[in-house]
Every structure is written in C-alpha cells, then in structure tokens.
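*Asks:* Protein chains in written order, with the UniProt record's numbering: chain A, 1 to 325; chain B, 1 to 339.
Hint data in this document are derived by calculation from the structure and do not stem from the laboratory.
One or more of the hints may lead you astray.
[Claimed, not checked] The list that follows gives simulated cross-link-like pairs (lysine-lysine, BS3-like), each with its CA atoms no further than 25 Å apart:
#1 A:K228 with B:K66
#2 B:K66 with B:K126
#3 B:K9 with B:K126
#4 B:K16 with B:K66
#5 A:K220 with B:K9
#6 B:K254 with A:K220
#7 A:K228 with B:K330
#8 B:K83 with A:K220
#9 B:K66 with B:K83
#10 A:K76 with A:K61
#11 B:K83 with A:K228
#12 B:K83 with B:K173
#13 A:K220 with B:K330
#14 B:K330 with B:K254
#15 B:K254 with A:K228
#16 B:K9 with B:K66
#17 B:K83 with B:K9
[Claimed, not checked] Example chain A residues on the side facing chain B (calculated, C-beta under 7 Å, incomplete):
#18 R84
#19 R86
#20 D222
#21 F223
#22 G231
#23 L232
#24 S234
#25 R244
#26 V303
#27 P320
#28 I322
[What the hints assert, rightly or not] Away from chain B, derived, C-beta distances all over 10 Å, residues of chain A:
#29 Q56
#30 T184
#31 L248
Since the structure is predicted, the reported quantities are computational estimates derived from the model, not experimental observations.
Glycine included, C-beta positions come from ideal geometry on N, C-alpha and C.
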Amino acid sequence: MNSLKPLLIRTLQLALVLWAVVTILFLMFRLMPGSPLAAYIDPTFTEEQQEALIRQFGLDKPLWQQYFTYLVNLLKGELGYSFRYRAPVAERIWLLLPNTLILTFSSLIVAYVFGILAGAWLAWRRGSRVEVAALPVVLATRAMPEFWLGMVLLAIFSFSLGWFPAGGTRSAGTEYSSLWALYTSADFLSHLALPMLTLAIYSQGLPLLLMRSNMLDVMKEDFVTMAKVKGLSSYAVVVRHGARNALLPVVTSFAIAVGYQLQGNVVVESVFSWPGLGRELVAAVLASDYPLAQGAFLMIAIVVIAMNLIADLLYTFLDPRISHA
Amino acid sequence: MDAPLLSVKDVSIAYKVGALDIVAVSNARFDVPQGSIVGLVGESGCGKTTMARALTRVIADNARIKAGQMQFAGQDIVSLSEKDMNSLRWRDIAFIPQSAMNSLDPVYRVEYQIVEVLRDRGGLSKSAARKRAVELFEMVGIDPGRLRDFPHQFSGGMRQRAAIALALALEPKLVVADEPVTALDVIIQRQILDQLRSLQRELGLSVIMVTHDISVVAYICDRTVVMYAGKVVEDCDTATLLNEPLHPYTMGLKNAFPDLHSAGTGILTPIAGSPPDLANPPPGCRFAARCPFATDQCRVEEPMLTEDAPGHFVACHRAVEAAALREEAKQPGTWGTAA
C-alpha cells in the first residue's frame, strides 16, 4: 500500500496555498490607503524621529526586499510587532487563539453531532409529519444571520432570564491557576454557552440537510436492500450500512465548515465580546494595526488549510475506495 | 413424490403509483421441488423480479402482496409475522442479486460482510466465522487471500462468486438468484453457472433462477416457469418446454434466442410489439395482441393455467392444437404479421 505519496503531494499543495495566502496578505496591507505607520506615529514626532521609525520598521527598503524579510521572519515564526499593543503579534495571537478554537470546535462538534443524528433520523422518518414540520425550521435556522440570532439569545437568556452572562470568558475578578483550570471551570463554560449555541444553531443545518439527503440516497442502494434481505437488525441496516456510507460527504463538509465558522466568529465574537481572533481582527483593522491584522488573517488561513488536510486524511481513512484505489 | 419445498399459489403483487394500482404479478402459481433449479423467465417488466423479491418479503415501499400463499417448508411466507419472516431470511432463503457490485457495501472488506452475516444471523463466534469465510471462498473458487479486499478491488466475476459465497454462508434451503450472470461476459457466465450447478448438487440446494435469457434456462434449469405481463403462462420441465412448448409466447421466445445446441439457420425472429400496460391490462389473454394465433375468444376470455399433461401447466385456449401451432411458429413469416 502506497498511501504516503498522495499524502506528500497533498501536503506540498497546501504549502503552496499557504505561500499564496502569505503573499496576498503582504500585498493587501501595502495596497491599503494611508501609511502603515499612521497609527503608530504621533503627529508631535519630529521629522527625524519619523524617518528613524520608518527605517526601524524597514519601510524605506524596496518592496521585494520587504517581502523577502517578511517571508524569512515568518519562517522563524515572527509575525511582527503590534502598533497598538507595542508587543509582538505572535504573543497576542497565542493568547487569543485558544479562545477562538474552543468556540469554533465546541460549536461545530455540537452542530455536527446533532445534525448527523437528526439528519439520519429525518431521512428514516421520510414523509412523516415530524419531517414535514422539521424541514422549514431547519431552513429558517440556516437563513438567520448569526449576529441577529446572537442578540436574540442574549436578550432572552442573559438580559431577561439572567441564566447566562452577557459576554467575555470569565466573571470579573476571577483568577485561575492555569489555562486548563480556566477552560474547565463552570464560570468559563457558562460564558461559552451562548456564543457556542449561536454558532451551533447557525451551523447545524448544513450537516443535517446533507446527512438527510445522503441518507435518502444511500437507503435506496442495493447493499442496503441486501442488508434487509439478509435479515440484519434495523440498527445494522440503518447505522452500520446506511449512515456509515451517508457520512462520507458530511466529513468533508466539516473542514469547509471550520472555514465558514472562523468567518462567523468575527461577528459572534463581537456580539458576545468574546476575546478571540475574530474580534481582535476587527479591532486591529479599525485601529490600522496592520501587523496584528495580518497575523490574525494568517492564523485563520492556517487553521482552514490544516482542517482541509485533516479532512483529506480522514476521508482516506473512512472511504477505502480512495486509499486502496 | 415429495412435497415441493416452495409452493406459490395465486400470488398477486401490486405497486401503488399515485392513485393507480399496478398489478405486476397476478395469480402466479408454481412449485419449486426439493433440490431442483427452477427458472423464472420472461422479458423485462413481466414480474419475475418482483416475484423473486417477494419470496424474501423485502419489496419496494409502494409494493404489496395482495393475495395468495407462498408455502415454504410448511410455513406461509405471505402471512408470517415480520419477526418469523426475519428469522427465515438468509438462514432458509438466501438471495443472489443481479449486481453484486452494488450489493456489497463499498466501505467494508468482503470478509467483514461475510463474517457479519455469519455472526449476526448464524450465531457463530468471530473466529469460527472467519474460518467459515475461508471455506466459503474456497468453495466458490476465490483465493481466500482476497478476503481482506474491498469490493471495488474485485473483478465482476469475483464479485458474483463472492455474492454466491455470501448466499451459501448459512446453508439455506432455497437460493433465489436474480439474473446472477446477466452482467457478465459469456465465458464467465458459463463458469459461474457451472459452479452454481455443482454447488447446488453438492449441497442439495433448491434454486430459483430469475433470468430473461432462455439459453441460461436451457443450460442450468430443471424446470422453467415462463411469465408474461405478470402471469405465469407456462410451467414444465425444461426439456419439454424447449422441445414441445404449448404456449405461443414460449414458442416465440425460443425463436428470439440463438440456439446453443445446433448451428440452425442463425436467423432470429423477434416477437413484434410490446407487453401490455399493466395499469390497464386488456381483457382476455394478455398475449393476444402479439400472438399470431389469437382468436376472438382469446381477446375476450382469459385462459386459466391448467395442467395439460402431467407436470405441464399452460394458460392458452389453443393448447390442444399446440403441435400444429409449433410447426407454424417455426416459419419466420408467422411472427412478422402480428400487430
């Protein structure tokens, strides 16, 4: 079995994609109006001080040289220096990335587990009243903007009922000995609940509808009929042979959903004041903090690309026709 | 004579399409004697596959067995509870599908699919099931080393053999084979049929062979049931059916296929026209519109399936004149004029 070579090719392809993203980011921030240093340089600075700063940031060099320096720094893991925080971008990103990842993956896992089960169940109950009633509801959740849904949930569960806090990741004044202690605390989880639910409700429609329609197709396949003719239990027919096959495209959609979710995070993190990369990205762009915005963009791109690789690997594992072709 | 293993009596099966009830099988009646291969032959849409699938009672959602009995080893398949029927499935009645490619689950190894049925339905332990899978593969002539393969790694012939191995896993009494060799080339067809024949003799199986190919029937079947537009039109031992058919449809079917045994004239004569619309079947004999020998009586009065000679059933008003009709049927001109 030679499964290593396609994997290598795939990794190289993704490295190429990453390089393209890096290049586009570099050019994008240099094409934006205004000097990149506008936010950093105080108008009271003297001419010499300003020039010294421009030299210090290497902005007096030709573009190709800047690009080269930028690439070399990236390879060393240096993302530059934030204008606003006067601190390395990498430091800031490492601080915020876990919050974003926790929000993204917890909401997606909830959405996918629910969507897959509900989708399979609705396919099984095809034509029933439950199905007829459920489909418009699912479509409605797909159509709701996340920020609106977030505000509605906030209004109900936070402001009216007071069940959940309105924003942030922890209550004021709380201290935790480690990140792990923070992330497993009831306080953190209750802060996570509403933004997670918002994103989960928004994202469950895709896996649900996909699973349902795949399941409807798969249940018509000969091997499912044969499973019935063999007298296998309904569990074996529906889950082992039906759902197992219907699951394949849903797995791919998970990786794509991570990309969408990170984009959705930008909005939901802002609504819930969730200190994550998405909210930071918005703040950085507004404050013309280009190095930070560039770093946040890059980090999001890396997560999306990595998820694609993981989906590919998972797919070869789930579908023998790909790995044993 | 022993009681037949399976006795189908006046079975009608209908598909509900919109407000219409399309009767795909009507009043079908035939026996499958213990240890014999019975062919179920007819053109597409004649109800043979519907009939075969009904024996497992796994039929389309919109299909329903409306009447009749299917006596199988002392039990009536039609009236069994779902639980009792399920216990009959595969242990007593196994199925070989037409397309073995689509009937094997693509995401599981072939071994898993054989072991699954041996464990879930046969109650074997995992290790016993694995040993039995090796035996089964040897029995159908596939290298047991290929057990760990996935279905897509098999050739068409191997898949069909694997499907046979799967069908024989629990040593069923009856194997229903739905066009088991139709998708294969003639050389592989013959290998598979020979294999099936020798396994059938060895294991004392009874087999129902659904096919549209009269040469397959001639090659392997002991008895043959000819169906036309949902009706059994003729049922007798294969040699008699081929040499002295009583029904004009059987005579026409014979003309339409190349003869395997003699060089012949090599001219094939098709039966003009097409089968009637089952949503609105004509009165009288369903073959009348295409039959060169149809009389006014044929168009009005439906012929019943009667035992014309011992063990030879036919549904034709002119069966008594069959010898003369056979001579006439040999002339190609006879069939060209049918409207």
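*Asks:* Compare the structure with each hint and give your call.
*Replies:* Hints, verified against the model:
1. About 21 Å separates the Cα atoms of K228 of chain A and K66 of chain B, which keeps this hinted pair within 25 Å; it holds.
2. With a C-alpha separation of about 41 Å, the suggested pairing of K66 of chain B with K126 of chain B is violated against the 25 Å cut-off.
3. Restraint check for K9 of chain B and K126 of chain B: not satisfied, since their Cα atoms lie roughly 41 Å apart, outside the 25 Å limit.
4. Pair hint K16 of chain B plus K66 of chain B holds up; C-alpha atoms about 11 Å apart against a cutoff of 25 Å.
5. Distance hint between K220 of chain A and K9 of chain B is unfulfilled; the C-alpha atoms sit about 30 Å from each other, more than 25 Å.
6. Taken as a hint, the K254 of chain B and K220 of chain A pair is broken in the structure, with Cα atoms around 35 Å apart against an allowance of 25 Å.
7. The hinted pair formed by K228 of chain A and K330 of chain B fails the criterion: a straight-line CA distance of about 46 Å is larger than 25 Å.
8. With a CA separation close to 23 Å, the supplied pair K83 of chain B and K220 of chain A stays within the 25 Å bound.
9. For the hint linking K66 of chain B to K83 of chain B, the alpha-carbon distance of about 20 Å falls within 25 Å, and the restraint holds.
10. The hinted pair formed by K76 of chain A and K61 of chain A meets the criterion: a straight-line CA distance of about 20 Å does not exceed 25 Å.
11. Distance check on the hinted pair: K83 of chain B and K228 of chain A sit about 13 Å apart at the alpha-carbon level, within 25 Å; holds.
12. For the hint linking K83 of chain B to K173 of chain B, the alpha-carbon distance of about 19 Å falls within 25 Å, and the restraint holds.
13. A C-alpha spacing of about 44 Å is found between K220 of chain A and K330 of chain B, which places the hinted pair above 25 Å, so the restraint is violated.
14. Annotation: proposed proximity of K330 of chain B to K254 of chain B holds, straight-line Cα distance about 10 Å (limit 25 Å).
15. Taking the CA atoms of K254 of chain B and K228 of chain A, the gap is near 36 Å; set against the 25 Å cutoff, the hint is violated.
16. A C-alpha spacing of about 12 Å is found between K9 of chain B and K66 of chain B, which places the hinted pair at or below 25 Å, so the restraint holds.
17. Between K83 of chain B and K9 of chain B the CA atoms are separated by roughly 23 Å; this keeps the pair inside 25 Å, and the hint holds.
18. A cut of 7 Å between beta carbons decides the hint on R84 of chain A: the least distance to chain B is about 51 Å, and the hint is violated.
19. A least Cβ separation of about 55 Å between R86 of chain A and chain B goes past the 7 Å threshold, and the interface hint is therefore violated.
20. With 7 Å as the threshold, the beta carbon of D222 of chain A comes within range of chain B, its nearest partner Cβ sitting at about 4 Å, so the hint holds.
21. Restraint check, F223 of chain A versus chain B: the minimum CB separation of about 4 Å is within 7 Å; hint holds.
22. Because the smallest distance between the Cβ of G231 of chain A and any Cβ of chain B comes to about 3 Å, under 7 Å, the interface hint for this residue holds.
23. For the restraint placing L232 of chain A at the interface with chain B, the shortest Cβ-Cβ distance is roughly 6 Å, inside the 7 Å limit, so the hint holds.
24. Evaluation of the S234 of chain A hint against chain B yields a violated restraint, the C-beta minimum of about 10 Å exceeding 7 Å.
25. A hinted interface residue such as R244 of chain A counts as satisfied when its beta carbon comes closer than 7 Å to some beta carbon of chain B; here the least separation is about 6 Å, so the hint holds.
26. At about 29 Å, the closest approach between the beta carbon of V303 of chain A and any beta carbon in chain B exceeds 7 Å, and the interface hint on this residue is violated.
27. For P320 of chain A, the shortest C-beta to C-beta distance to chain B is roughly 4 Å, which falls under 7 Å, so the interface hint holds.
28. Nearest Cβ of chain B to the Cβ of I322 of chain A: about 10 Å, over the 7 Å cut. The hint is violated.
29. Distance to chain B confirms Q56 of chain A as a non-interface residue, since its nearest Cβ pair spans about 59 Å, more than 10 Å.
30. No Cβ of chain B comes within 10 Å of the Cβ of T184 of chain A; the nearest lies about 36 Å off, and the non-interface call holds.
31. Not every C-beta of chain B lies more than 10 Å from that of L248 of chain A, the closest at about 8 Å, which undercuts listing it as non-interface.
Hint compliance for this structure: hints 2, 3, 5, 6, 7, 13, 15, 18, 19, 24, 26, 28, 31 are broken, all remaining hints hold.
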